[in-house]
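In order, the protein sequences belong to chains A and B. Be aware that the first sequence starts at 7, since it is given in my numbering, and climbs by one per residue. Be aware that the second sequence starts at 7, since it is given in my numbering, and climbs by one per residue.
No lab work stands behind these hints: they were computed from the structure. Just so we're clear, the structure is a prediction, and the values are computed from it rather than from any experiment. Where a beta carbon is used, it is the ideal one built from N, C-alpha and C, also for glycine. Some hints here could point you the wrong way.
[Said to hold, decoys possible] Short derived list, chain B residues pointing at chain A, Cβ under 8 Å:
(1) Ile135
(2) Ser142
(3) Ala145
Number of protein chains: 2
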Amino acid sequence: MTFDEIMSLVQNEMKLVEDALYSNIDTNVKVLDEVIRYLVSSGGKRIRPLLTVLSAKAVSSESTKYIELASIIEYLHNATLLHDDIIDGATYRRNIPSANNKYGNDIAVLTGDYLYSRSYILLTDIEDIKIQKILSKVALTMSEGEVIQLISTAKLDTTLDDYLKIIRSKTAVLFSAACEVGAIIGNVKEKEAKCFADFGEKLGIAFQMSDDLLDYIGDETETGKNRGTDLKEGKITIPILLLLELVESDVKEKIGKIILSENIAIEDFDYIRDLIAEHSIDKMVSQMVLDNMNEAINALSTIKDTDYKKALIALANLLINRKN
Amino acid sequence: MTFDEIMSLVQNEMKLVEDALYSNIDTNVKVLDEVIRYLVSSGGKRIRPLLTVLSAKAVSSESTKYIELASIIEYLHNATLLHDDIIDGATYRRNIPSANNKYGNDIAVLTGDYLYSRSYILLTDIEDIKIQKILSKVALTMSEGEVIQLISTAKLDTTLDDYLKIIRSKTAVLFSAACEVGAIIGNVKEKEAKCFADFGEKLGIAFQMSDDLLDYIGDETETGKNRGTDLKEGKITIPILLLLELVESDVKEKIGKIILSENIAIEDFDYIRDLIAEHSIDKMVSQMVLDNMNEAINALSTIKDTDYKKALIALANLLINRKN
Chain A
7 MTFDEIMSLV QNEMKLVEDA LYSNIDTNVK VLDEVIRYLV SSGGKRIRPL
57 LTVLSAKAVS SESTKYIELA SIIEYLHNAT LLHDDIIDGA TYRRNIPSAN
107 NKYGNDIAVL TGDYLYSRSY ILLTDIEDIK IQKILSKVAL TMSEGEVIQL
157 ISTAKLDTTL DDYLKIIRSK TAVLFSAACE VGAIIGNVKE KEAKCFADFG
207 EKLGIAFQMS DDLLDYIGDE TETGKNRGTD LKEGKITIPI LLLLELVESD
257 VKEKIGKIIL SENIAIEDFD YIRDLIAEHS IDKMVSQMVL DNMNEAINAL
307 STIKDTDYKK ALIALANLLI NRKN
Chain B
7 MTFDEIMSLV QNEMKLVEDA LYSNIDTNVK VLDEVIRYLV SSGGKRIRPL
57 LTVLSAKAVS SESTKYIELA SIIEYLHNAT LLHDDIIDGA TYRRNIPSAN
107 NKYGNDIAVL TGDYLYSRSY ILLTDIEDIK IQKILSKVAL TMSEGEVIQL
157 ISTAKLDTTL DDYLKIIRSK TAVLFSAACE VGAIIGNVKE KEAKCFADFG
207 EKLGIAFQMS DDLLDYIGDE TETGKNRGTD LKEGKITIPI LLLLELVESD
257 VKEKIGKIIL SENIAIEDFD YIRDLIAEHS IDKMVSQMVL DNMNEAINAL
307 STIKDTDYKK ALIALANLLI NRKN
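Okay, chain A solo, but in the shape it has when bound (with noise of 0.2 Å):
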């Protein structure tokens, strides 16, 4: 199934989501209907309420709460990015500004903090405690997460295991939501809910672990984002881990002097990059987003077969395959 395949399947549930984003803003002030009407209209392929929606439509859902539900998660993701870009000094984000850079850090601020908001008040008009609950579990844990993230920048000690912590927190868990609560609110037994949630886990980290070696050996014109920007940031990723296993230590030293180094210049991040290949660590990266992902596509294996879980396995392959 391609990606315009999967969409064609829920063309009108996804219509309707859409239509949630922009209908749920409801606020008077000018400012912050504006920004995130920006952030909404900027797209992104919608992948977290694509999930919840396809898994809402597997365990055949009779209640239509699922597009909501979607809307919110979407939400939530936009709320961690505006607060992530402050944090990451980010300036541009899906090829246009970034909202901390076109409005500036203070509005960026408070607009997360509405959309949060808003986020519980939909979410408390769906009226499902456990719902509620794992959704505020949810963006506690990615607070942790880029927490986490923050404390190890250039930490050169950072281990698999911290990794692991930190992309299981910042994605793994928003994406294992939103593929548990469609199921939920299909009103699904907790054991087959629990088989959405580990499906969205293992891709989560399949999908951040495949992003962390794109921005080493991505496309640029592909990505839309410039390569090498976790390095810059001091962000010790899947393939530094990995490299600095392997390496000779006067190699590791240079590695390490590069991570700390205020400015990266292009030849250290062609350096690191070309060490990458050399020691093939983007297969390395492969197998283990591979593992993930197999591991993912078992989680769903008691479940029904139908297009819609076709649709849900069909998108993870895309994701981690994907060149952008």
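Following the hints, complete the assembly by docking chain B onto the known chain A.
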């Protein structure tokens, strides 16, 4: 009743709130734990949780959930302070370095996010959908209020209506909710809870107006804040608004220039402070504070007379007559 007498009336309850403020932090991320402990232990008078506890006791609440609620209210308050201090570039709060000053803006943003999420999780545990709706709406309104304040910065055409909207959003809604949820958890009828909400709202307005006056005429050694902070930050508050209405156009122009200038000299502040004294602005503001206070007290007129109701009114009087 003195403040100590009020506190001794609910000594056990406020001790439990204090314990909850620490025990509810609940994170394994060391720096988050540290920052929140720093905030919680830096004190403040716990006015908002005290309002919740007194309101619950005033309606003879059988449930003890108001303890947890009071701690949630204080968390929400601290979360907004964290983000406000970033936006204001504040370096001190309560006589000690502000969290953004001590730990950096990035950590302050994320700790605020953590506290919001933690509040919602605790709120979900209380399982009262009405209270959830009230408090998520409060958080939303506070973020809107901060945005309106931000975009009104140094705007000389700010009106009294704008000002009232700002102080209602950033201060009065939380005071109002603190009282209302205390009454609701005490299981009173909607009409009675509304009396507490009205009391809190009017008190919040009176409190913020008197606070804004103190920024011009307060005693620095007692307030623990530098005077003139609002003027420096370009915040158009009630003393300035009233002054601009009373002075001749040349003086008005001079005040305008001071507000718009990058750095405000001590003579400029003294000039405005003298004008405020000369035009008896302090008396005018005090009268507005008193009017709101009377409305606040009237709102409680149908509530049964108890020591707790007396304490609420005594607390209100202390708050608006404070020198710090």
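Tested hints:
1. Ile135: Holds - the Cβ of B/Ile135 comes within 8 Å of chain A, reaching about 6 Å at its closest.
2. Ser142: 4 Å, holds
3. Ala145: 4 Å, holds
Consistency with the previously given hints is maintained throughout, with no hint failing.
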